[in-house]
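Participant: Chains as they are written, first to last, in this note's numbering: chain A, 1 to 215; chain B, 1001 to 1292.
Check the hints yourself; a few may be wrong.
To spell it out: a stretch of chain B is covered by chain A in this simulated footprint if at least three of its residues, at any positions, have a beta carbon under 8 Å from a beta carbon of chain A; those stretches are [to be verified]:
1. 1010 to 1021
2. 1061 to 1069
3. 1135 to 1146
4. 1169 to 1181
5. 1186 to 1192
6. 1273 to 1286
Residues from chain A that face chain B, not an exhaustive set, calculated with beta carbons under 8 Å [stated by the list, open to error]:
7. P43
8. V50
9. P62
10. V65
11. Q128
12. T129
13. M194
I should point out that these hints are in silico values taken from the structure, not numbers from a laboratory. Using N, Cα and C, we set each Cβ at its ideal position, and we do this for glycine too.
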Amino acid sequence: MEVISDNLGLFLRGMRTTASLTVLSYAAAVVIGAVVASFRVSPVPPLRAVGAFYVSAVRNTPLAVLMVLFFSGFPDAGIIVQSRYVSAIIVLAVYTGAFVAETLRAGVNAVALGQAEASRAIGLTFPQTLVLIVLPQAVRTVVGPLGSIFIALIKNSALAALIGLTELAGATEQLISTTAEPIPIFLATAVAYMMLSIPSSYAVARLERRLAIKR
Amino acid sequence: MTAPVLGEIMGPRARRRVLVLSIAAGAALAGFIVLALLRLDANDQLDADRWRPFTNRAVQDFFLDGAKNTVRAAVTAMVIALAAGGLIGLARLSRSLPPRLLAAVYVQFFRGLPLYVLILFCGFGLPRLDVRFGTFWFLVMALSIYNSAVLAEIFRAGILSLDRGQSEAAYAIGLGYWPTMAYVVVPQAVRRMVPALVSQLVTLLKDTSLGGLIFYDELLRRARINAEFTQRTLPSLVVVAVIYIIMNAALSRLASWLEARQSRRYGASRIEVDGVEDLAVQSAMSAAGKKR
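Work out the full structure, taking the sequences as your base and the hints as a guide.
Facilitator: Pasting the structure below:
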């Protein structure tokens, strides 16, 4: 058990990095997702096509491939982001954004058509209809799935270790390869991730109870 | 799919506005593509020479074998996880406490853990405890453990989504617990689970790309080897991404189609499992399907 107490600092720093990585990339992913979802439901064909291409390309590529592609492949084309932390946030946000977009689009589909028709009838333009009338209702139908994506992101942020960032999984990787006690390390990591994910699922459940509209 | 989601038939002014916006968006898109191409060209990424290795039969086979290894690990893990997940899902719904508790702990523990960590533990941790397998089985082990936890939740949600009248009716005509499960509940639940299962297969196929961590010879690892060997990082990774997109787009589309057919025929299945991004999209679509 000394492995854990000796390396408590490493674990705590890792947890902090994982938490900030998750929150920042989720915030960015929500912005990307909202923009792409509005592209996908807009009446403008080129925007719809761009949205559809982005979603199906990113959704069907493994996050690991995107990480390595961005960090080792893009420099070939002169696109270099020095910071591993920023790189990880960009990749996680781009990946998660596709799922947020698909979820929001499904939410938009669930909003009764009468809402859009009524807002047109009182003279709102399409962007106004979308932002003021439809999206707020759409979000409320898919609070659960959006929260589920957040919890998935906590776990997915582990892939930042692939590009050498020492967050929680990276710290675990270091310890597993340098010490001979994999079981306590594994259990400690599991506990650390649970300390992040269980409060999040609790918060999501609360939000869902308060906001969700059952359809 | 032809009409925009929120649209009624547009009037002449709206049509004109859409036309203008389409041209503007099209121009912006074209501009972006040109810029990207110029950028690639400025760094010599468009030279035929950069891509020539991929016309070589040996290189193609190297990638294809990698893809085969990926599919082999994913399918093996899926089969094992299906069997284990079914049992664990049943245990979670058991009437006696010990199996219910045990299954709940198992699911909670492994579902909340990043697969990355589980793969490291299986591949690097277990050998230190003198557990010896090939890398294939270590990877399959990690994938099956994680996915059996997720599939158990899918299975449980599928059974719970069934109207209680089904099992009540079965009990009323004198069937016991197991016959009710086997003849009435499970067959209907499985049918509802199919879209979620296909979507989980997409996740699993993507997750297999972590096998390279423990030196399993899957697609991404081979691409990285090829990248180093031929000094062509960007092209190698682009090729892998394209292979993955082709494999998964087909499966994703199948899942969406099944979901749509499902909600048309039997009502929405609404299978929610926390913490898997592909399943989250699936359940959101299911929620929308219920409405329309």
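Participant: So, for every hint listed, does it hold in this structure?
Facilitator: Hint check results:
1. Residue count for the region 1010 to 1021 of chain B with a Cβ under 8 Å from a Cβ of chain A: 4. That meets the three needed, and the coverage hint holds.
2. Under the rule that three or more residues need a Cβ within less than 8 Å of chain A, the assignment of the region 1061 to 1069 of chain B is violated, with 0 such residues.
3. As drawn, the region 1135 to 1146 of chain B meets chain A at 0 residues by the rule of a beta-carbon pair under 8 Å; below three, the given contact is violated.
4. Beta-carbon proximity to chain A at under 8 Å applies to 0 residues in the region 1169 to 1181 of chain B; the threshold of 3 is not reached and the given coverage is violated.
5. Counting residues of the region 1186 to 1192 of chain B whose C-beta lies closer than 8 Å to any C-beta of chain A gives 0; at least three are required, and the coverage claim is violated.
6. By the rule of at least three residues with a Cβ nearer than 8 Å to a Cβ of chain A, the coverage given for the region 1273 to 1286 of chain B holds, with 12 such residues.
7. The interface hint given for P43(A) holds, since its Cβ lies 4 Å from the closest Cβ of chain B, which is under the 8 Å cut-off.
8. Taken as an interface hint, V50(A) checks out: its beta carbon lies about 6 Å from the nearest beta carbon of chain B, inside 8 Å.
9. Taken as an interface hint, P62(A) checks out: its beta carbon lies about 4 Å from the nearest beta carbon of chain B, inside 8 Å.
10. For V65(A), the interface hint holds, since its Cβ comes within 8 Å of a Cβ in chain B; the closest pair sits about 5 Å apart.
11. Violation of the interface hint for Q128(A) is found here, the shortest Cβ-Cβ separation to chain B being roughly 12 Å, above the 8 Å cut-off.
12. Hint status for T129(A) relative to chain B: holds, with the closest Cβ pair at about 7 Å, below 8 Å.
13. At a threshold of 8 Å, the smallest CB-CB gap from M194(A) to chain B is about 5 Å, leaving the interface hint in force.
Hint compliance for this structure: hints 2, 3, 4, 5, 11 are not met, and every other hint is.
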